[in-house]
Amino acid sequence: MEACKIKNRTFLQIQNQVAKQENIFSSYLRKPNLYDEVYSSGEASNPIYKKLLDLYGQYTVADFVNLNNKAKSSFFNQGITFQVYGEKDTKEKIFPFDLFPRIIDHDDWQIIESGSIQRAKALNLFLWDVYHDKKIIKDKVVPLDLISTSANYLDQMIGVDPPNKIYNHISGTDIIRHSDGNFYVLEDNIRCPSGVSYVVCNRTALKRALFGVFNHYQAHTVTNYAENLLETLESVKPQGVDSPTCVVITPGMYNSAYYEHSYLAKAMGIELVEGRDLFVENDFVYMKTINGPLKVDVIYRRIDDLFIDPLEFKPDSSLGVPGLFAAYRKGNVCLANAPGTGVADDKAIYTYMPHIIKYYLNEEPILSNVHTYHCSRPDELKYVLENVDKLVIKPVDEAGGYGISIGNKLTKAEIEKVQKQVKESPRKYIAQPILSLSVHPTYIDDKNSFEQRHIDLRTFTLLGKNKEFVLKGGLTRVALQEGNLVVNSSQGGGSKDTWVLKK
Amino acid sequence: MLARVANNLFWMGRYIERSEHIARYMNVNYFSSLDAPNDLSQSRQFVLESMLYMIGDPKGQEDLKLSEKEVLNNLGLNTKSSYSIINNVKAARENANSARDLISTELYESINKFYHFVLNYDVDHFVNKGLYDFTVNITESTAILRGKIRSTLLHDQVYAIIMLGINIERSTQIIRIINAKYHDALNAKGSYGDQIANSFEWTTMLKCSEAYDMNRRFYKKTPTRTTTLEFLVLNGDCPRSVMNSLNQVFSHMQVLDRTKHPLKNSTSFLVGKLRAELSYMLVEEIEDNVKEFIERILNRLYEISQQMEREFFNY
Chain A
1 MEACKIKNRT
11 FLQIQNQVAK
21 QENIFSSYLR
31 KPNLYDEVYS
41 SGEASNPIYK
51 KLLDLYGQYT
61 VADFVNLNNK
71 AKSSFFNQGI
81 TFQVYGEKDT
91 KEKIFPFDLF
101 PRIIDHDDWQ
111 IIESGSIQRA
121 KALNLFLWDV
131 YHDKKIIKDK
141 VVPLDLISTS
151 ANYLDQMIGV
161 DPPNKIYNHI
171 SGTDIIRHSD
181 GNFYVLEDNI
191 RCPSGVSYVV
201 CNRTALKRAL
211 FGVFNHYQAH
221 TVTNYAENLL
231 ETLESVKPQG
241 VDSPTCVVIT
251 PGMYNSAYYE
261 HSYLAKAMGI
271 ELVEGRDLFV
281 ENDFVYMKTI
291 NGPLKVDVIY
301 RRIDDLFIDP
311 LEFKPDSSLG
321 VPGLFAAYRK
331 GNVCLANAPG
341 TGVADDKAIY
351 TYMPHIIKYY
361 LNEEPILSNV
371 HTYHCSRPDE
381 LKYVLENVDK
391 LVIKPVDEAG
401 GYGISIGNKL
411 TKAEIEKVQK
421 QVKESPRKYI
431 AQPILSLSVH
441 PTYIDDKNSF
451 EQRHIDLRTF
461 TLLGKNKEFV
471 LKGGLTRVAL
481 QEGNLVVNSS
491 QGGGSKDTWV
501 LKK
Chain B
1001 MLARVANNLF
1011 WMGRYIERSE
1021 HIARYMNVNY
1031 FSSLDAPNDL
1041 SQSRQFVLES
1051 MLYMIGDPKG
1061 QEDLKLSEKE
1071 VLNNLGLNTK
1081 SSYSIINNVK
1091 AARENANSAR
1101 DLISTELYES
1111 INKFYHFVLN
1121 YDVDHFVNKG
1131 LYDFTVNITE
1141 STAILRGKIR
1151 STLLHDQVYA
1161 IIMLGINIER
1171 STQIIRIINA
1181 KYHDALNAKG
1191 SYGDQIANSF
1201 EWTTMLKCSE
1211 AYDMNRRFYK
1221 KTPTRTTTLE
1231 FLVLNGDCPR
1241 SVMNSLNQVF
1251 SHMQVLDRTK
1261 HPLKNSTSFL
1271 VGKLRAELSY
1281 MLVEEIEDNV
1291 KEFIERILNR
1301 LYEISQQMER
1311 EFFNY
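As given, the protein sequences belong to chains A and B, one line each in that order. Quick note on the numbering used here: the first sequence kicks off at 1 and runs consecutively. Quick note on the numbering used here: the second sequence kicks off at 1001 and runs consecutively.
Just so you know, the hints here were simulated from the structure itself, not pulled from any lab data. Be aware that one or more of the hints could be misleading.
List of simulated lysine to aspartate or glutamate pairs, EDC-like, C-alpha gap at most 16 angstroms [unchecked claim]:
(1) B:Lys1113 to A:Glu92
(2) A:Lys165 to A:Asp133
(3) B:Lys1090 to A:Asp89
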């Protein structure tokens, strides 16, 4: 009964709005203290969004509901879904996608692109150093205990030379825009960063639904990621190989990112393998094909470090390939990303990034870091414990938005709980001031209207032999709950197509 | 191509083809029985038994009183029944998922839509009113899938493996249909001359394999046992015949095995041998002992499938 009433009311609202010829932005509310990407310059919209607003303004709410449903079924039919395990049966759901794109102008993009490359290069040099001479520690730029206590530092990688000295072939950098209008890096992801397939899907879905809008903008393509990724992988082939055989390795079709793994393999035209499809003989890696064994030279691995080789790491892992690490150590196969990169995208290392960039590249960081308090330092720990309500507290080694406490959202009891946790294991936590992520008009399903929602941006950077590439676009993630700052898809986040404009 | 993935694609082809034959068998038998020429062939029990016989469920021969809704559901949408269409479609999509990087976006999207159509089909509607709608949708969707397979995949090893699955399954299903309808014809006899040879069931058999019009055009007569068997087994021009399926298996095998003179007992060898035998077989050799022929040929097809497994999918 209640549901029925609500439904009727919404319907009436739509009817009224249509009758008044109101468009989908008529009821868009702007909160003055938030940085709105579309209205950042004051009352009027940003010039780059003007045309888009005009075009979208031509749609009635009913039109837009229709378009939105079409876009959803496009995702659903293409099987770009994830499983939700319910009590009775599993359901397939699509990742929420927003039809209103985010636009990044040429000048802003220059900063993001050069900043992403700078970080990726610095991280790569840092990784080489911490697994070889450890100069940065000897020079006391980064404290030793940060490395020695890191759960992600792999002793097995000490002294191992990855082909062409590259560790983080693929980096995902999470960037936000603060209310001061500047970009800040929230974190680096250089283990198995995911999400790039959604960049391509979002573009496809938007083109299917609203192809007309592309006539008015000159946006860079995003479909060239796969060819650049393949070039990157081929460029780091082991010595003595002319034309390398590259593969993508996946944990299997029940993995939540399986769609992405299969998309990348398909787009690159290479095999998607599982651990059981590979074997190692005399320290060379082969895949089992219908014509017999075929040597594999480069593996884009989407399996975590500890699962790649049961002989070297977790002995009970069935996802990996016995003997793979030995083949890697001998330089007979290249793994992308290299094992052990997790030590550098640790949230505690993050805080040293400005120093790391300076140390290796002798450059000023192009993208700012968010100021970070280390709970491992007594004076900073004291500040954190006293100011939990003003801070975001994050565990240093969790990914996917898990374990994050946002101070101003906590009750008194919850604050006490956080204080206790941090006191117990200070090394596990860092704290940052609560940043106000910029907001963007986002279509909200239940309300049939646009509202402000917080967004971030994940860029994808490739490093190969004599090759640097940043995908011109990246994944704009949206926190769909009003006021929420956590954008990860595992926490109910959605995403937007992201246009980088040509000059 | 990976051996594991090849195996999955082979079975994707088989499951797609299988669901089509089950759906058409249900449709044709159910609806043609409504105005069949005699009481027995018009009876619901007779049709339901025939469906179970074709699928290989022993309940069809146990003289039980069968419930129409239960039988239809078991063949159509019951996920607990191993041979149901829904389980075949699920398996086809699961296999497609595991080879998603190899098949085209277009083919995957069609399989996915097909899967969701079956998954969301209302069971009550199906067993009460939806039999025609459901089965026609299945046969049309599989036709679309075959079109996508043919026109959106590179005609390389991947294509050859899928087509091998489809054609081995097709020949198997045609033999099963012959088996079931022959069984029916023995029971529901025609009204003139040789009552078995002139049974109405031969017409139904041709319709079960979409070959009735072709048969009429070829023989210009009401189908009989002789013309039906000859057409469905030996006529290489009939696209659903065992002969045609084997010809296709033979040519797709050559993509996988390029040796000119196949090794003794390799898949290529077994396929070629069976194909050569059928090429020079006369319908009289089948007609006199249909049961024995069916058993022999099913064993040979099984043998081919087993050898493929050993030769290509053993990973």
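Here is how each hint holds up against the structure:
{"no.": "1", "hint": "B:Lys1113 to A:Glu92", "verdict": "holds, 13 angstroms"}
{"no.": "2", "hint": "A:Lys165 to A:Asp133", "verdict": "holds, 14 angstroms"}
{"no.": "3", "hint": "B:Lys1090 to A:Asp89", "verdict": "holds, 14 angstroms"}
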